Amino acid sequence: MAEKVSNKKVLFNPLSKDNPVIVQILGICSALAVTAKLEPAIVMGLSVIAVLALANVILSLIRNTIPTNIRIIVQLVVVAGLVVIVNQLLLAYAYNVSKQLSVFIGLIITNCILMGRLEAFAMSNKPWPSFLDGIGNGLGYTIILIIVAFFRELLGCGTLLGIQVIPECFYQHGYQNNGLMILPPMALIVVACIIWVQHSFNKDLQE
Amino acid sequence: MNKQSNTYTIVYITILVIVVGTALAWVATALKPEQSRNANADKMKQILSSVHAPLGDNKQITDLFEKNITGIVINQNGDIQQNEDAFDINVANQIKLNADERKLPVYIYNDDNVGKKYIIPLYGQGLWGSIWGYLALNSDGSTIYGAYFSHQGETPGLGAEIEKSEFQKRFDGKQLFKDSQFRPITVVKAGQHPAGDEDYVDGISGGTITSKGVASMLKNGLLPYKQFLQNLSNN
Chain W
1 MAEKVSNKKV LFNPLSKDNP VIVQILGICS ALAVTAKLEP AIVMGLSVIA VLALANVILS
61 LIRNTIPTNI RIIVQLVVVA GLVVIVNQLL LAYAYNVSKQ LSVFIGLIIT NCILMGRLEA
121 FAMSNKPWPS FLDGIGNGLG YTIILIIVAF FRELLGCGTL LGIQVIPECF YQHGYQNNGL
181 MILPPMALIV VACIIWVQHS FNKDLQE
Chain Y
1 MNKQSNTYTI VYITILVIVV GTALAWVATA LKPEQSRNAN ADKMKQILSS VHAPLGDNKQ
61 ITDLFEKNIT GIVINQNGDI QQNEDAFDIN VANQIKLNAD ERKLPVYIYN DDNVGKKYII
121 PLYGQGLWGS IWGYLALNSD GSTIYGAYFS HQGETPGLGA EIEKSEFQKR FDGKQLFKDS
181 QFRPITVVKA GQHPAGDEDY VDGISGGTIT SKGVASMLKN GLLPYKQFLQ NLSNN
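If you're matching them up, the sequences are chains W and Y in order.
All residue numbers for the first sequence refer to our numbering, where the first residue is 1 and numbers rise by one.
All residue numbers for the second sequence refer to our numbering, where the first residue is 1 and numbers rise by one.
Since the hints were derived computationally from the structure, they do not count as laboratory data.
The structure presented is a predicted model; accordingly, all values stated were derived computationally and were not measured.
Every residue, glycine too, gets a C-beta built ideally from N, C-alpha and C.
Taking CB as the label site, the calculated pair distances span:
{"#": "1", "chain 1": "W", "residue 1": "Leu188", "chain 2": "Y", "residue 2": "Ser216", "range": "33 to 41 Å"}
{"#": "2", "chain 1": "W", "residue 1": "Tyr171", "chain 2": "Y", "residue 2": "Asp79", "range": "47 to 55 Å"}
{"#": "3", "chain 1": "W", "residue 1": "Ile73", "chain 2": "Y", "residue 2": "Asp111", "range": "56 to 64 Å"}
{"#": "4", "chain 1": "W", "residue 1": "Ile62", "chain 2": "Y", "residue 2": "Gly153", "range": "31 to 39 Å"}
{"#": "5", "chain 1": "Y", "residue 1": "Ile95", "chain 2": "W", "residue 2": "Asp204", "range": "58 to 66 Å"}
{"#": "6", "chain 1": "Y", "residue 1": "Ala28", "chain 2": "W", "residue 2": "Leu107", "range": "16 to 24 Å"}
{"#": "7", "chain 1": "Y", "residue 1": "Ala25", "chain 2": "W", "residue 2": "Gln164", "range": "41 to 49 Å"}
{"#": "8", "chain 1": "W", "residue 1": "Val97", "chain 2": "Y", "residue 2": "Asp85", "range": "27 to 35 Å"}
{"#": "9", "chain 1": "Y", "residue 1": "Asn83", "chain 2": "W", "residue 2": "Arg71", "range": "52 to 60 Å"}
{"#": "10", "chain 1": "Y", "residue 1": "Asp85", "chain 2": "W", "residue 2": "Arg71", "range": "46 to 54 Å"}
Below, simulated EDC-like cross-link-like pairs (lysine to aspartate or glutamate); rule was C-alpha separation at most 20 Å, straight line:
{"#": "11", "chain 1": "W", "residue 1": "Lys99", "chain 2": "Y", "residue 2": "Asp57"}
{"#": "12", "chain 1": "Y", "residue 1": "Lys189", "chain 2": "Y", "residue 2": "Asp199"}
{"#": "13", "chain 1": "Y", "residue 1": "Lys3", "chain 2": "W", "residue 2": "Glu119"}
{"#": "14", "chain 1": "Y", "residue 1": "Lys59", "chain 2": "Y", "residue 2": "Asp111"}
{"#": "15", "chain 1": "Y", "residue 1": "Lys164", "chain 2": "W", "residue 2": "Glu39"}
{"#": "16", "chain 1": "Y", "residue 1": "Lys212", "chain 2": "Y", "residue 2": "Asp172"}
{"#": "17", "chain 1": "Y", "residue 1": "Lys43", "chain 2": "Y", "residue 2": "Asp88"}
{"#": "18", "chain 1": "Y", "residue 1": "Lys219", "chain 2": "Y", "residue 2": "Asp100"}
{"#": "19", "chain 1": "Y", "residue 1": "Lys45", "chain 2": "Y", "residue 2": "Glu34"}
{"#": "20", "chain 1": "W", "residue 1": "Lys99", "chain 2": "Y", "residue 2": "Glu34"}
{"#": "21", "chain 1": "W", "residue 1": "Lys99", "chain 2": "Y", "residue 2": "Asp42"}
{"#": "22", "chain 1": "Y", "residue 1": "Lys164", "chain 2": "W", "residue 2": "Glu168"}
{"#": "23", "chain 1": "W", "residue 1": "Lys37", "chain 2": "Y", "residue 2": "Glu163"}
{"#": "24", "chain 1": "Y", "residue 1": "Lys32", "chain 2": "Y", "residue 2": "Asp42"}
{"#": "25", "chain 1": "Y", "residue 1": "Lys219", "chain 2": "Y", "residue 2": "Glu198"}
{"#": "26", "chain 1": "W", "residue 1": "Lys99", "chain 2": "Y", "residue 2": "Glu163"}
Can you build the whole structure from these sequences, using the hints too?
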């Protein structure tokens, strides 16, 4: 019974209380780069979930065989391999999105969340909890990406997933898209707003 | 076995690299045909966009392309080069060569409803990376029927607007020849006029360098085709 509760925590804590982006402040760089539009943000999130979950499982399976002094290299090789595979799959089956994401899929390798979870969790836990941990942290990352991209695309372009949502008559009455929203600084400001809201509801996180 | 020994470490990493390498090689080979199909269909889609052709999924695009478009390759004197496939020519590489060595692809679009269109591929530099496009001309070799532009990584909302139809539409109907003189169309800051008498379109506010990139891409890209277009307009 005790194990079940902990598995649940492993999966759900990263969504809010232990969120990799807004609590641990990891992976900020890609949150900034791919969130100008909603669609690439979603694909990026899914790619990170897939890579993180698989890397966690693989590393957890071989964790007892890895020589300690090269463990970071082993982690990197596994992650890099998975990222290249994801990139190849996107090129083959989601060509347009892959064109939009361009280098950022490759840069998942350097995403701090991955190294953090591998080193802190997968290296000392069994495969199943590691898998849940990967899914949980990936989801935590994706949720933030989607929230940020939602506001940036809505206010910056007046669209969501490429579909116009702000009616034409607004523009005729002088409404203008906020070009600042699609520039990188606004990603950080939106992330900061999310952190502010979340921390003000969560007494544990206040210092 | 001592897991911290050098021998173990070296053997371990060797095996790991071989396993990962094999897996990657296998994935890359297995997905290659699908990927090049996508890349080709994407190129066809871009070419067809310049003539406002209806676009669908990859298969429809490929069918439409094969049915309606023939490619020819010319040199700067306007002579057709035999044994060259226009679709395989990489414009980005050709642009680096001397004018007289360049192979110049032209795609001829033939549709019963709109007539014959000549599509010229273009390639240039924007602010952050390369930009490219396709310019479709009427059979008089001067009137622009449609334009398509795309980019590698221009600023979203600013330079990246060149891929929006609002910008591309501005080219429709403009002329490349003025009083039988070759005057490639240019891009200027909104509200301004070019120094010469050539046709122009308004650039993108906030995307000045990208707009200038489009202007010089048009100038450099169209110049080698001068003779070919002249021949068309004389016919």
